[in-house]
Amino acid sequence: MRIPKLKDHSYLSAVTPHITRTHAMKTVLITGCSTGFGRETALYFLEQGWAVVATMRDPAASTLPASKHLRVLPLDVTSAKSVATAFEEAGEIDVLVNNAGIGWMNAIEGTPMDVVQRIFDANLFGTIATMQAVLPAMRERRSGAIVNVSSSSTYKPLPLLSVYRASKAAVTSLTESAALELAPFNIRARVVVPGMAPSTNFAANAQEQIAKGGWFPEAYQDFADQTIAALHAAGSGEVTTARDVAEAVFRAATDTDCPMVIPAGTDAVAWANGG
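Positions 76 to 350 (this note's numbering) are the ones given, in order, by the sequence shown.
Everything labelled a hint here was simulated from the structure, so no lab data went into it.
The structure presented is a predicted model; accordingly, all values stated were derived computationally and were not measured.
The beta carbon of each residue, even a glycine, is placed where N, CA and C say it ideally should be.
Some clues are possibly wrong.
[Claimed, not checked] Cross-link-like lysine to any residue pairs, in silico, SDA-like; alpha carbons within 20 Å at most:
| hint | residue 1 | residue 2 |
| --- | --- | --- |
| 1 | Lys156 | Ile203 |
| 2 | Lys101 | Gln123 |
| 3 | Lys143 | Ala165 |
| 4 | Lys231 | Ala345 |
| 5 | Lys231 | Leu306 |
| 6 | Lys143 | Glu122 |
[What the hints assert, rightly or not] Simulated restraints, written as ranges between beta carbons of each label pair:
| hint | residue 1 | residue 2 | range |
| --- | --- | --- | --- |
| 7 | Met100 | Asp189 | 41 to 51 Å |
| 8 | Asp332 | Pro234 | 30 to 40 Å |
| 9 | His144 | Phe260 | 19 to 29 Å |
Based on the provided sequences and hints, a complete structural model is requested.
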């Protein structure tokens, strides 16, 4: 997998000056902030008076408004060097939000193994890598929170999402077990589970990935057409907004009594309740 070249530190200091942080202000680092859930979550934390480190593979793609409490840093969660550099630049982090990931929709037969690897690299292994990067300092301070973003597809099986769903189910299971390991150090780990969000770039990104992978196998085309039509129909009903996810992430980061897994969005809440 091709890893984008990192920008040098002179570039970082030029475009992302150090955050102006008061003594009481806490800092959150959020991955995948160029669009969608990550961008909205960064804005929401800023509104709540937090210092925000918004990361993305290409900081030049950021549309976040300038703020003295915001830094934008490059981070490719699939690159060990990029992870190490970003967390060194970021400094002390009170909350880590793992939002970065990629979507995919295809049958098992239509999913090449290099695509499987890329999905798990971004959605699961990247989550583990950033957790490992932030945990030593949190453990020493005996404080911190980690919020991992999963998917409502984990609530019930959906066709053509087998590989994507497997990567997100692994994120949920990872977080649930990690929470038990981290509790003695006063570190909380929680999962936010968004529903379907047509207003984000997820569907377009997934379609781009499918096109690169050669579309659906011919034998599955009719089934795929029916499935996609059903998803479009569902998208005209109750869905999830990026704001729903941002609010759920903030709750997971700040509410010590919140559930381990928090559905975000009307449809996700319904699925969580067996709907």
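Hint by hint, here is what the structure shows:
A distance of roughly 14 Å separates the Cα atoms of Lys156 and Ile203; the hinted pair therefore holds under the 20 Å criterion. As the CA atoms of Lys101 and Gln123 are separated by approximately 10 Å, the hinted pair is consistent with the 20 Å bound. This hinted pair checks out: Lys143 and Ala165 have alpha carbons roughly 15 Å apart, not beyond 20 Å. The hinted pair formed by Lys231 and Ala345 meets the criterion: a straight-line CA distance of about 12 Å does not exceed 20 Å.
For a cut-off of 20 Å, the pair hint linking Lys231 to Leu306 stands: about 14 Å separates their Cα positions. For the proposed pair Lys143 and Glu122, the alpha carbon gap of about 12 Å is at most 20 Å, so the pair holds. Under the hint 41 to 51 Å, the C-beta atoms of Met100 and Asp189, about 43 Å apart, fit the expected range. With their beta carbons about 37 Å apart, Asp332 and Pro234 fall inside the hinted range of 30 to 40 Å.
In this structure the hint that His144 and Phe260 lie 19 to 29 Å apart at CB holds, the actual value being about 27 Å.
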